[in-house]
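K.L.:
The chain contents come next:
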Amino acid sequence: MPPKPVPKTKPKRGIFHKFKGNLEAIIVGVKYFFDPERFTLVYPKEYTKLREGYRGFIVLIKDKCIHCASCARICPASAMKMIRIPQKDPKTGKTKMVMWPVINYQRCIFCGMCVDVCPTEALYHVPYHDVVYENLAEMDIDLESFTKPPEYKTAKEGIPVRYVIDEEKGLVKVPYKEGEEK
Amino acid sequence: MNWIELIIKIIIWPPLWQLIVLGLIVPLVVVIGILWFERKTAARVQRRFGPLHVSPQLGGALQLIADLMRYAFQEVIIPKTVDKGVFLLAPLTALVLSIVPLVAVPFTSVARWWPIPMDYSVLISLALSTVSAIFIVLASWASNNKFSIIGGMRESYMITAYEIAIIISILSTAAMTLSYNFVDVVNAQEGWKWFAVLNPLAFLAAFIGVLMATSGFPFEIPESENEVVAGPYTEYSGLLYGVNMGAAYIKRFVYSVLITLAFFGGWLPYHPGTGFLSGYLYPSIIVVVKATILMAIFSFLRAVYGRYRLDQALDFAWKILFPLALFGLGLGILEAYLGLI
Chain A
23 MPPKPVPKTK
33 PKRGIFHKFK
43 GNLEAIIVGV
53 KYFFDPERFT
63 LVYPKEYTKL
73 REGYRGFIVL
83 IKDKCIHCAS
93 CARICPASAM
103 KMIRIPQKDP
113 KTGKTKMVMW
123 PVINYQRCIF
133 CGMCVDVCPT
143 EALYHVPYHD
153 VVYENLAEMD
163 IDLESFTKPP
173 EYKTAKEGIP
183 VRYVIDEEKG
193 LVKVPYKEGE
203 EK
Chain B
837 MNWIELIIKI
847 IIWPPLWQLI
857 VLGLIVPLVV
867 VIGILWFERK
877 TAARVQRRFG
887 PLHVSPQLGG
897 ALQLIADLMR
907 YAFQEVIIPK
917 TVDKGVFLLA
927 PLTALVLSIV
937 PLVAVPFTSV
947 ARWWPIPMDY
957 SVLISLALST
967 VSAIFIVLAS
977 WASNNKFSII
987 GGMRESYMIT
997 AYEIAIIISI
1007 LSTAAMTLSY
1017 NFVDVVNAQE
1027 GWKWFAVLNP
1037 LAFLAAFIGV
1047 LMATSGFPFE
1057 IPESENEVVA
1067 GPYTEYSGLL
1077 YGVNMGAAYI
1087 KRFVYSVLIT
1097 LAFFGGWLPY
1107 HPGTGFLSGY
1117 LYPSIIVVVK
1127 ATILMAIFSF
1137 LRAVYGRYRL
1147 DQALDFAWKI
1157 LFPLALFGLG
1167 LGILEAYLGL
1177 I
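Chains A and B supply the protein sequences, listed in that same order.
Per the numbering used here, the first sequence starts with residue 23, numbered consecutively.
Per the numbering used here, the second sequence starts with residue 837, numbered consecutively.
Simulated from the structure, these hints should not be mistaken for laboratory data.
Note that beta-carbon positions come from the ideal geometry of N, C-alpha and C, so glycine has one too.
Each hint should be verified, as a subset may be incorrect.
Stated by the list, open to error - Some, not all, of what chain B presents toward chain A, calculated at C-beta under 8 Å: (1) 875; (2) 880; (3) 883; (4) 929; (5) 1136; (6) 1139; (7) 1144; (8) 1146.
Stated by the list, open to error - Derived pair list, reagent style BS3-like, types lysine-lysine, alpha-carbon separation capped at 25 Å: (9) A/34 x B/920; (10) A/86 x A/170; (11) B/982 x B/920; (12) A/40 x B/982; (13) A/32 x B/920; (14) A/42 x B/1155; (15) A/53 x A/84.
Unchecked claim - Now the in silico label distances, taken between C-beta atoms and shown as ranges: (16) B/848 x A/63: 46 to 56 Å; (17) A/191 x B/906: 13 to 23 Å; (18) B/1107 x A/187: 48 to 58 Å.
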């Protein structure tokens, strides 16, 4: 048996309903005019302090890597790839090809699956995302620069801020203090 | 020295003073300030910053100068399909005709500093203020563009809706004072008996009517950006577009001056003397400041309201605003009969 249709009821409106609504809107406007709570991020002068666990750029710790290629296999955007690099084995002295992961940031969607899947925790995220590349070819990272955190300049010059949800005012921008909760 | 005296004499000649200085130069300065105020107010209410990066110390005020320069130096494109003569003349005529009502507006009570005799000034200025809207419709027709024509039709619908409300509500002050003379209307408000307080219905009708007349924000229907590109001004570019916008803002300024005189006591806390400074300059400044505050209130409403649809606005105009103006007229006549004024 289908549910019975419930007739929509209009809220009761008095004679002065429209006038009252207009007046309320103007009062809210005046309130904000005298006490504006701006949440625009003035970017180079301010930047959002990101929370711990933020999935930013990915860095490889070379010593921990066991060349298993799990990261390349799980990558949904095919951004992570394994490359073969000739390397000397210290025990036998023979040269053999070793696989290393590299990343292409043109394709990366920052899902963090490679970091999660890594059995030795050789990959980690850096907690920032504002890095500037001059051309597309630069975004295809080689092994040497994959082992170092990418350099960034702009965000270091500003004040760290954080957005919090206030009970009365909604979304509010507050300056971040060192040693605050995570 | 004779030259300087002559130039000063020409400048303070009442028709020139009122049409060029008070009608063109003062509104230009006021409009730049009001545009800045409008953008900053909308930003404050909507929790943004507005123009900021051009001059952070001045709150981004130089942004407006930059915009003005952009309009002044942009190329004026005249499309092949337009009716060229009318296309060029219509905005200029609208600009001139939007200033003209100031000729019948007294800025002082001294007869020496009036451009024309003020016996029927309420009627004359109201009649002149309605002319310029026709040329906006003409500009839209000459543009030969579907968006322009839709905008022009909307404008013509709006003209018929707002004109009656404004005229009746300002004429209610004439009914209250039993005189068509603006000087009598202002002098009757002696001792802070402002007609905005005595007759709030007529004031409200005139206020909303002016918002509709000048495409103020709840009624920004002819130029609504997301429906018809820029309404009647779609084909205009560069300086001609600036002239169109200037005409709209000067119209708003002139209506603000009319409302200031009719409802806010004009120059009144001050009593004009006979010389130029005390008899003409100071009262003019008082009237302009009051009109500017009124314009600021108009532009504050932009931050609060969304836009009405055309049918909603016309519905509002004919079913609420027009009766409101009539009630204002009735209230004015009643107050005059009871001798409250």
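K.L.:
Out of the numbered hints, which ones does the structure contradict?
P.N.:
Failing hints, ascending: 1, 4, 7, 8, 9, 12, 13, 15 and 17.
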